[in-house]
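Here is what each chain is made of, one letter per residue.
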Amino acid sequence: GAGVSQSPRYKVAKRGQDVALRCDPISGHVSLFWYQQALGQGPEFLTYFQNEAQLDKSGLPSDRFFAERPEGSVSTLKIQRTQQEDSAVYLCASSPAGEGGTQYFGPGTRLLVL
Amino acid sequence: QQQVKQSPQSLIVQKGGISIINCAYENTAFDYFPWYQQFPGKGPALLIAIRPDVSEKKEGRFTISFNKSAKQFSLHIMDSQPGDSATYFCAASDLLTGNQFYFGTGTSLTVIP
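For the protein sequence lines, the chains are Y and E, in the order given.
For the first sequence, position 31 (counting from the first letter as 1) is numbered 31 according to the working numbering, and the numbering increases by one without interruption.
Add 114 to the 1-based position in the second sequence for the working numbering, that's all there is to it.
Simulated from the structure, these hints should not be mistaken for laboratory data.
No false leads were slipped in.
Partial chain Y-side listing against chain E, Cβ under 7 Å, derived:
1) F45
2) Y48
3) L91
4) P107
Far from chain E, by Cβ distances over 12 Å, these chain Y residues were calculated:
5) K11
6) A13
7) D18
8) V19
9) R22
10) G28
11) F66
12) E71
13) Q84
14) S87
15) L114
Remember, predicted model here, so these are calculated numbers, not experimental data.
We treat Cβ as the ideally placed atom computed from N, Cα and C, and that holds for glycine.
Isolated chain Y, as found in the complex (with noise of 0.2 Å):
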């Protein structure tokens, strides 16, 4: 079946510019997770959904993240006024419920910022 799906799969963006990326989750899976992996580095955890529900937040490293899922499916990771810094692979995870944890990753889309 089909796996986790992210678009655009490259972006590159001047700094100051507005991004979003998109993420197609397995059908039917009820959490999803936006992870950033640095170049080099393993995934830090950005943000948590329950179906349309922003449980977690935490990780989001500023005001200029915001993540969305208004439906319980597809989600939206928008990062205004983009900054240098923001160079990184932004991972997205699915995970059906009673499966104890497994997450699904997709490609992730890799994101530069001039």
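Model the placement of chain E on the given structure of chain Y, informed by the hints.
Relative to chain Y, chain E alone:
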């Protein structure tokens, strides 16, 4: 503060050898410990996972050893193959209070033919 510490940073193993990657954690509330494999340009893919009620889990050539008292767990890759060359991440999660994963910093494994 790094919740999960992983070592070594890089590892070179001969084909057919055993690859061993170690992780340590501090939070005793963690109750789920997955290992992920990541190839360049791809997202992490779940390899194997363990819960603290068992000390070892084996799936094919991959084994997790878990030491609850030492708060350590490790991944063993038996009969390592060149196709295993990738970056491996351990992670930990407290499924009761929240589902976020805390990842280690990764181990770049190279298997030499």
